[in-house]
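S.K.: The primary structure of each chain is shown beneath.
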Amino acid sequence: MVAENVMELVSQIGAGVTDSLAYLGALATLGSRAAYYTFVGPFQGKPLRLQSAASQAMEVGVRALPILSLITFFIGLILALQSAYELSKLGAMNLVAKAVALSMSRELGPLITAIVVIGRSGSAFAAEIGTMKVTEEIDALEVMAISPVHFLVAPKFLAMMVMLPCLTIWANTMGILGGALFGVAQADFTLGRYIQASIESLYVRDILSGLIKSVMFGVTITAVGCLEGLSTGGGAEQVGRATTRAVVISILLVVVVDLVFTGIFFFLGNG
Amino acid sequence: MDREHPNLSEPRVVISLRDLRVSYGEREILHGIQFDVMAGETLVILGGSGSGKSTLLRTLVGLEKPSSGQIWINGQDIAAISNDELYEIRKKTGMSFQGGALFGSMTVGENVALPLREHTKLEDSTIEIMLRLKLEQVGLAGFEYHMPSQLSGGMKKRAAVARALAMDPEILFFDEPSAGLDPIIAAGIDHLILELKKAFHMTIIVVTHELASAFLIADRMVLIDKGNIVAIGTTEEMRRSVQPRVRQFLDRVPEPDVEGELDYLQTLTEQYRRHG
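Taken in order, these protein sequences are the chains called A and B. Residues 125 to 395 (the numbering used here) are what the first sequence spells out, left to right. Residues 83 to 358 (the numbering used here) are what the second sequence spells out, left to right.
It is worth saying that the hints were derived from the structure and are not from the lab. All figures in this text were calculated on a predicted structure; none of them were measured in a lab. There's no promise every hint is true.
Stated by the list, open to error - Within a straight-line C-alpha distance of at most 27 Å, the following computed DSSO-like cross-link-like pairs (lysine-lysine) qualify: (1) A/170 <-> B/147; (2) B/280 <-> B/308; (3) A/170 <-> B/173.
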């Protein structure tokens, strides 16, 4: 009896691992095909749909600015409050600027940006492509000899790979401004001195590692959103399910990618 | 009418299926389908719901991969060729989907122009003229700036036909052309298919379960049931057929879904118990 249960557990774990690996494989396949159409295709007479990429960039990037600004401004403020709690005991309130600047640009800027983009765009990709799948529009593209990856996925990849680092820089700035609000109100900074202290505490590699991560987040979010859309089954209810799955899986994978890259940067000596 | 057209004096096989089997997972849907389609003929694939006729059409255009067998289109087995080669064949075929499958984010004109923009190097002004011509052919002149959501069901189907015609295909596939349309609009679509047949001598393959429409447009018919071919022949041959399954389908005899009287009673009582 016990042996049977153990066997069942093992086989379930095995099936789960196989499924997860197959999923990652599907993501990698979709990602590499999109990368082909983005970076190689244009030199082989398959021009990228730049107009579509531009309108995607507008949707993914520019339209996200208000909500992203608000969230990261608050996050910066929260970070300042939290670090002041400890730093004030040490009498080192002047380090608040450094704490906020470092944690924003190395970690929270890229991560919060990714989460906002997952909620706005990753889910939208899955819903858009999923609806097209249900209404046979994806099949129609195939039958017209137009690759859905070329037509739909590649412009999204390009837009996300360009816009996520841009949004991240914006998020870092807004976070630092949020911290500055506390710095000016509670820690005897002037706005100018706070910003100068922030800039002085940052090295290029701090910002760069955050930006590299954000590009990887963009690739991950697009791959998951589009793959979930493309593998939607029949029916409107499936579109909803695909959208939810896209959000949940994107958040999980973004955190995993974050961990992997933070680890790589740490062991490369940038930590 | 075949004799009137010089190209068709010698019938040429355009599509040829050999022992085609298709499975979804463990379940086999088509059990060895085999028939030929001649150039310029209109072949109607008839069958009830769940007969496998839609799967057959999806396999013919390469949307489903067969588990075994061959699909020869103009001498190439599309089950065995690369994706690029399949795309080359697809440029010479057109398909009109059941719901139209027009891209909701584009105008009707952009929908029709899409294959031309993607596959040809024609000037915008030339494409403009061509898309107007195609829309005129399907009776939708002047609708190029409408969005698909502004069109009625029948107009959507016409627009989908215009898009399928954009590349001047040799073979045209129709999935349930009259499904979901009222009889008058459906008859309009039938006449459109007849007009295309007369004007372009295209090879047309139609999947449908509408008998009236099938007998009106078909040169030959294939009746499919549970993944097997039941009968194949001209409309006359089908009409005169004495095969029980063909008669049942053509005479619209309902399927006896319970075995004996006792079973029937049992089903009834169960239904009462369930629904009160």
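S.K.: Hints first: check each against the structure and report whether it holds.
M.R.: How the hints compare with the structure:
no., hint, in the structure
1, A/170 <-> B/147, "26 Å, holds"
2, B/280 <-> B/308, "33 Å, violated"
3, A/170 <-> B/173, "16 Å, holds"
The structure fails hint 2 only (numbered hints given earlier).
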